[in-house]
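Undergrad: Residue numbers (my numbering), protein chains in the order written: chain A, 628 to 1113; chain B, 628 to 1113.
Where hints are given, some of them may not hold.
[As the list claims (entries may be wrong)] Sample of chain A residues lacking proximity to chain B, with all beta carbon distances greater than 10 Å (derived): (1) T842; (2) D870; (3) A910; (4) V948; (5) L973.
[Said to hold, decoys possible] Derived list of chain B stretches under chain A, where covered just means 3 residues or more per stretch with a C-beta under 8 Å from a C-beta of chain A: (6) 943 to 955; (7) 974 to 986.
Hints listed in this document are in silico derivations from the structure and should not be mistaken for laboratory results.
From a predicted model like this one, the values you see are computed outputs, not experimental measurements.
Every residue gets a Cβ at the ideal spot worked out from N, C-alpha and C, and that includes glycine.
This is what each chain is made of:
Protein chains: 2
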Amino acid sequence: MAQATPSLSTLGWTLQDWQSAYREGASPSALLQALQAALQGDDPAWISIASAEQLAEQLLHLQTLLESVAGDTSKLPLYGVPFAAKDNIDAAGWRTTAACPEFAYVASSDAFVVAKLRAAGAILMGKTNLDQFATGLVGTRSPYGAVPNTFDPAYVSGGSSSGSASVVARGLVPFALGTDTAGSGRVPAAFNNIVGLKPTKGWASNSGLVPACRTLDCISVFALTVADAQRAIGLYAGYDAADGYSRQRPAGAPTHFPVKPTLAVPKQLEFFGDALAQQHFHATMGDLKAQGATLVEIDFAPFAQLAELLYYGPWVAERYVAIESMFDRNPDGIDPTVRKVVEQALNYSARDAFEAEYRRAVLARQINDVLAQVDALVVPSTPSIFTMEQLRQEPVKRNSELGTYTNFTNLADLSALALPAGLRSDGLPAGVTLIAPAWHDMALADFGRRWQAAQSLPPGAPGVVDRLPAPIQEKASDEIVVAVVG
Amino acid sequence: MAQATPSLSTLGWTLQDWQSAYREGASPSALLQALQAALQGDDPAWISIASAEQLAEQLLHLQTLLESVAGDTSKLPLYGVPFAAKDNIDAAGWRTTAACPEFAYVASSDAFVVAKLRAAGAILMGKTNLDQFATGLVGTRSPYGAVPNTFDPAYVSGGSSSGSASVVARGLVPFALGTDTAGSGRVPAAFNNIVGLKPTKGWASNSGLVPACRTLDCISVFALTVADAQRAIGLYAGYDAADGYSRQRPAGAPTHFPVKPTLAVPKQLEFFGDALAQQHFHATMGDLKAQGATLVEIDFAPFAQLAELLYYGPWVAERYVAIESMFDRNPDGIDPTVRKVVEQALNYSARDAFEAEYRRAVLARQINDVLAQVDALVVPSTPSIFTMEQLRQEPVKRNSELGTYTNFTNLADLSALALPAGLRSDGLPAGVTLIAPAWHDMALADFGRRWQAAQSLPPGAPGVVDRLPAPIQEKASDEIVVAVVG
Chain A
628 MAQATPSLST LGWTLQDWQS AYREGASPSA LLQALQAALQ GDDPAWISIA SAEQLAEQLL
688 HLQTLLESVA GDTSKLPLYG VPFAAKDNID AAGWRTTAAC PEFAYVASSD AFVVAKLRAA
748 GAILMGKTNL DQFATGLVGT RSPYGAVPNT FDPAYVSGGS SSGSASVVAR GLVPFALGTD
808 TAGSGRVPAA FNNIVGLKPT KGWASNSGLV PACRTLDCIS VFALTVADAQ RAIGLYAGYD
868 AADGYSRQRP AGAPTHFPVK PTLAVPKQLE FFGDALAQQH FHATMGDLKA QGATLVEIDF
928 APFAQLAELL YYGPWVAERY VAIESMFDRN PDGIDPTVRK VVEQALNYSA RDAFEAEYRR
988 AVLARQINDV LAQVDALVVP STPSIFTMEQ LRQEPVKRNS ELGTYTNFTN LADLSALALP
1048 AGLRSDGLPA GVTLIAPAWH DMALADFGRR WQAAQSLPPG APGVVDRLPA PIQEKASDEI
1108 VVAVVG
Chain B
628 MAQATPSLST LGWTLQDWQS AYREGASPSA LLQALQAALQ GDDPAWISIA SAEQLAEQLL
688 HLQTLLESVA GDTSKLPLYG VPFAAKDNID AAGWRTTAAC PEFAYVASSD AFVVAKLRAA
748 GAILMGKTNL DQFATGLVGT RSPYGAVPNT FDPAYVSGGS SSGSASVVAR GLVPFALGTD
808 TAGSGRVPAA FNNIVGLKPT KGWASNSGLV PACRTLDCIS VFALTVADAQ RAIGLYAGYD
868 AADGYSRQRP AGAPTHFPVK PTLAVPKQLE FFGDALAQQH FHATMGDLKA QGATLVEIDF
928 APFAQLAELL YYGPWVAERY VAIESMFDRN PDGIDPTVRK VVEQALNYSA RDAFEAEYRR
988 AVLARQINDV LAQVDALVVP STPSIFTMEQ LRQEPVKRNS ELGTYTNFTN LADLSALALP
1048 AGLRSDGLPA GVTLIAPAWH DMALADFGRR WQAAQSLPPG APGVVDRLPA PIQEKASDEI
1108 VVAVVG
């Protein structure tokens, strides 16, 4: 790995790097204390960093876990692996702020997903910054500061899972949890040259998450490599009877993607005048064809209409319900842009909600019918990238533009994988996203592994990683993923 | 069969009786013209009866169908079989009133389900009365008259599918389509001693149905025998890409029910003071045990809470959306009780709708977790039965009492089968309903066939049928059902 911070030996390590180090005798306390010491309190990607006590406590717990498996680290697939979680996800004893200090509380227990990761041996190094209440795709709507892009600080990081993407892109942790309601797990992946896996709704439990839109929220994962994202979701997902929207993953969920796939591409591509983004996506389509994919143009209208329904429809009422107590108690504690967005909820009646739901069902049906004809839809992860200044000038318009290729996904019950796709001609990163029906997550990951192995640019921020992820030949079934990790 | 109307030879005929008659050379026109002549225009069960022209046209079409299969009637599983449809379901060229003359229109095409039945050779004999806009469980809320109970005209027929239940109970047609949103396909089955099958949501398309609650509506079927209900649903169900809520039936949907099942029974049974209903249900539980069932008491609280959520929650907004144009144009054309119910919609915001949806999800999860432990839930189809006079005095309260054991079903995405269960000690019919998770319809029917064969009272109104349905031994898979019909 590159040593962007020469003092930190673990920079840019993948899960396999961490596991190899431990197998060769490295000590979790040594590696993780060094990591903790290197994390900067004034880094706007973090809202809180594990204190020395919190780290010591987790290391002690790791010791207990290790004893429970008679010292066999292969039974703890994330033994001593550091991770970060977006600060709308609970961790016992940590504050959950959702980027709103006035809303914050100390969580009494771990979110379901955090508990699963910790039970596998993972160590929570910090809670990350976000667009307040996960309302935004920009990474600037937070009293804890705007998170800068890891390629050029004049640009936004993307959001709402801005901090989680940033700490992964800079190689501080091998994976981080985000959330994705309208694209929050994909836009910041694209803007920071990393992988963002938005799992099928309900595969990962939302117990212990501050909701954005409870019927749509998904806990997503960022990693430098698809393989790591896949390993993480395999460990933090799972049925949770306490979450009414949790679902059992079907036994026959696909895990393979054809080597020469048929991919749908929107006939109508919108880049909002960004010629470089357009050029880049056309080049990406060329790469896909060169790798054997057949591209078929499809009518993007139902996707665009569904995307619009999310942003200009009654689902905003879910965001209001989630933070109603803040509106009652302390409306001035809410970020003005977020407040302006969420207050729209008051304009919608139950009739509006049901009419929009009927429209959603029809559009989702059309979309799924289109996707049934292909292996996946391929879209630019974002139509453009904006500077901090552009966001300041038009905070709502720019934000909604960023959701062009993401907003429809959860309303239509789809799985999605945002992948790095090299740099635009101006040196800024640009991503490509593959979208498929529900439960196709692992099939998309199968494609993603091959895609990453064929790239020329290593993932992450400049200089963090100096080699490409190796192509992985074995089957991508859950069992084998876990075995590889262990 | 008994000859309650001696002039009508087809009275009380099952599908098999109709098929046998045709195999033995009977002519559709002779049998159906006689039936048409026997149907009474002043019978409040009908809103419209096939005119001589409408019948002639259908007989002509039947001839064309027969030619298309080279005269092989076995390829037309409903060849010349008469049926009725609730008058909120479209049939090309017929008025659809939804029991509101001011709302009525002439349908330009068949509803999806009607088209499927007609393609199988069935003949539509009439459109039946209902609680206006399918809003009610009573059968009295219609300007076309209250439908009397077929056992005692002082009592209600139950609704909203009052007319369809009545014409089946009286043996006029072997099956009739109803709809079921809150129990409209089960309450009138119980009150008229017939079978009411409420299929899993989305198995039958709702294209061409005047919606009540579009997210909950199911097109149900009434028949004298479970076997006939099963044959009908096998023919009118099926995926429809034009209906956003249509679903594919899973390949592995269960079709068998254990001979010695484990059945859940509510610990808290509510009969609203009706001692005869209570006695009857206890006797029914005795019958179930005698037949080898193990009964286990369960907490009914989540079921009762979900039932309440339907009646006192924002789903009423769906009913408003369905008839918004009537409210705008001609509110006085709406039945006063129905209007009072549906106007409640205006009190609910989008926030209310989402909060109720979250509550629904949690309760539905609890309910499905309970049902996963047993083969089915068994409940009285209704907690009591009311006279026309009782309904006049308390139209809303009595109505909601009738939904005690039905209201939760569609919100929790369940399948249900209402079965005749003999007479109470006062000679009124009482039903029992089996409820199971989605797609367990055919497994419930497997139970229902055995149940009916073990009864002592034949189905239908008094004297309509003089023998019990024969136990049927073959497998209840779709394929075989169709084969049996053909």
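Undergrad: Compare the structure with each hint and give your call.
TA: Do the hints match the structure? See the list:
1. The non-interface label for T842 (chain A) is inconsistent with chain B: the shortest C-beta to C-beta separation is roughly 7 Å, within 10 Å.
2. Listed as outside the interface, D870 (chain A) is inconsistent with that label: its C-beta sits roughly 8 Å from the nearest C-beta of chain B, within the 10 Å cut-off.
3. For A910 (chain A), the shortest C-beta to C-beta distance to chain B comes to about 36 Å, beyond the 10 Å cut-off, and the non-interface label holds.
4. Its beta-carbon lying about 5 Å from the closest one in chain B, V948 (chain A) breaks the requirement of being farther than 10 Å from that chain.
5. Against the 10 Å criterion, L973 (chain A) falls within the reach of chain B, whose nearest CB is about 8 Å from its own CB.
6. Given as covered by chain A, the region 943 to 955 of chain B passes the check, having 5 residues with a CB less than 8 Å from a CB of that chain where 3 are the minimum.
7. Counting residues of the region 974 to 986 of chain B whose CB falls under 8 Å from any CB of chain A gives 10; the rule of at least 3 is met.
Comparing the model with each earlier hint shows violations of hints 1, 2, 4 and 5; every other hint is respected.
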